[in-house]
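**Student:** Each chain, letter by letter, is given below.
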Amino acid sequence: MSEPLKKPADNQFTVDALTVLYGDRVAIDAVSTVLPAGKITAVIGPNGCGKSTLLRSLAGLVRPDRGTISLGGTDIRQIRTKEYARRVAVLPQSPVAPEGLTVADLVSRGRDPYRRWYDQWSRADESHVLDTLRATGLELLADRPLDSLSGGQRQRAWIAMAVAQRTGVLLLDEPTSFLDVAHQLEVLALVDELHATLGVTVVMVLHELSLAAKHADHLVAMKDGRIVLAGTPAEVITAGVLAEVFGIEADILTDRRTGRPVVIPTGLTGQQTGPRPVVQPAGGGTIDD
Amino acid sequence: MTVLRLGRVSASIRPRTAIVTAAAGVIALGLAIVSLGIGDFSLTPARVLQVLLGGGTAREELIVTTLRLPRAALALVVGAALGVSGAIVQTTARNALASPDLLGITSGASAGAVAVIVLGGSGGQAAGLLRSVGVPVAAVLGGLGAAAVVALILRVVDANGVQPLLVGVGVSAFFGGLVSWMMIAASIDDAARANVWLTGSLNNRSWPELTAAGLVTLAGLIALVPLAPRLATLSLGPETARSLGLRPLPVVTGLLVISVVMVSAATAVAGPVAFVALVAPHLARMASRSPTPSLLASATIGALVVVASDLVARTVLSPIILPVGAVTAAVGAPFLLWLLVRGRKASA
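Protein chains in written order, with our numbering: chain W, 945 to 1233; chain B, 47 to 394.
Take these hints with a grain of salt, some might be off.
Okay, the calculated beta carbon distance ranges per label pair [unchecked claim]:
| hint | chain 1 | residue 1 | chain 2 | residue 2 | range |
| --- | --- | --- | --- | --- | --- |
| 1 | W | K983 | B | V49 | 36 to 42 Å |
| 2 | B | L385 | W | T1176 | 50 to 56 Å |
| 3 | W | S1038 | B | I234 | 54 to 60 Å |
| 4 | B | L98 | W | D1091 | 45 to 51 Å |
| 5 | W | L965 | B | I230 | 46 to 52 Å |
Just so you know, the hints here were simulated from the structure itself, not pulled from any lab data. All C-beta atoms in this analysis are idealised placements derived from N, C-alpha and C, irrespective of residue type, glycine included.
Only chain W is shown next, with the shape it has when bound in the complex (with noise of 0.2 Å):
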């Protein structure tokens, strides 16, 4: 859409040596990583690994007790918020928006970094505010209350306020729970359309695996606050990775269409498993049409 986005370099973050504490609780340990520009990044994890706070520390959301993360070599400390809020936009975990507030309402508040006091509803904000709706297939909605809509198009209404701030990153603090598969898709398709028109750099976490593995180039996996491994869905997805990270045995195969890893779960490991599947396991299977 119009407004050109920043050099790819600027949407890199790099996270160096991030310790986050609640309390006497570590939720992150000394975490350095390199989450890169242009690429959707899903953070997977069991639950209480830290991929959300990861994410929210990630989002400015919460301070790091030490170590630092800084976007595009900037200590994103040293960023002011109005600044930080054009540059990344957060959707964050289960959002509530006032009774009766509309879906064009809620786009329109995505351009509140760009207003003044003065200045609360400029020509460049009424087009990128109607780009969005299209862009997200929002336009037959916009004057829809948020609390009429399905799950679905309430998290389509929300992404579409990240996206109207014209960001070159944009986090998604599981942008799939408590959808049903159907919608699960539809969200996950639109985050693909907007990667792919936009450039947009994307970091999300996930709870399903083999969407994961199907939606992102990069996969960080954490357990106990640490990463396990990160790299390529086919890189971390693997029998091992998962047996340490969530503690399961599963077979992995793969999609044929995509070239990416399918995950069916067996059972846990160290557990007696039933019989043996009927698909070949690990590696060699295939999904076919």
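Dock chain B against chain W, hints included.
**Tutor:** Okay, now just chain B, sitting in the frame of chain W:
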């Protein structure tokens, strides 16, 4: 939505909100004019207008302009101040039940004011000065103190649902106890005066009180101009607001301080006029069908509620004049119960 643009300046206005704001303002002014004509010496509204425009006899001038106008104008100012501060508290707390009176801020302001009325002593010029300057200042300090206590407690307990209401009950009980203790310790004259004041009354108000409350309300409204647009951002919650480029802590603090000062100044001149700060923003929101209450609509509706309540207070049991707070409470308390019942249904 209607958009106004002039060079670098732009604003968007909901037509429905603008109509509600204007209509409530006009009705409030109309009722104020009716109210000016009512009393032992009664005038028609048309005659009142003539007198206000300078066309009355000396006697009419005295009665309308000198004796009755401060009361009517004060009702408008106090109502507007309560409406605006209620809208701010409700929106920033993201809780339909949050309002300065229910949170105990009004009771803090009352305790401050009663302290000066009672402990300032009676008679004497120093005491008189202390009272006219001291009551509003002490009310603001008491209001800010109560707000600080509420804010500290709400950092620890969950700020959703009816929790803040319970905190408010506790804080109100504490300051109420303080007031009772001061009333017992006070001389009978001071206690009687404090008691009339505590019900929320517009009786016997004159120009100095009106000027003080009017200036504070006007200053508050001006200070709100740059902050008001951020209420819509804050209504999405502090974290979303931050990711939209707003630092919630300083903005919320600024908004709440303005709100507390306005409600305390109103309380200092009129006593605790109950429930207006709760009811006005809800009426504004429902009438304009907007997700959050508009500050200006809350102001004109607040003014309308207080002027109408004062009219009822003066006429319903005439010649006995009820305190305006008694009327607003009679209307406001059932409204609160309705909100509670409706909230229960919505969450069930």
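**Student:** Against each hint, give a clear statement of whether it holds in the structure.
**Tutor:** Hint-by-hint comparison with the structure:
1. K983/W x V49/B: 36 to 42 Å: About 38 Å separates the Cβ atoms of K983/W and V49/B, which means 36 to 42 Å holds.
2. L385/B x T1176/W: 50 to 56 Å: Hint holds: Cβ distance 54 Å, inside 50 to 56 Å.
3. S1038/W x I234/B: 54 to 60 Å: For I234/B against S1038/W, whose Cβ atoms are near 59 Å apart, the range 54 to 60 Å holds.
4. L98/B x D1091/W: 45 to 51 Å: Check passed, 47 Å falls within 45 to 51 Å.
5. L965/W x I230/B: 46 to 52 Å: holds (51 Å)
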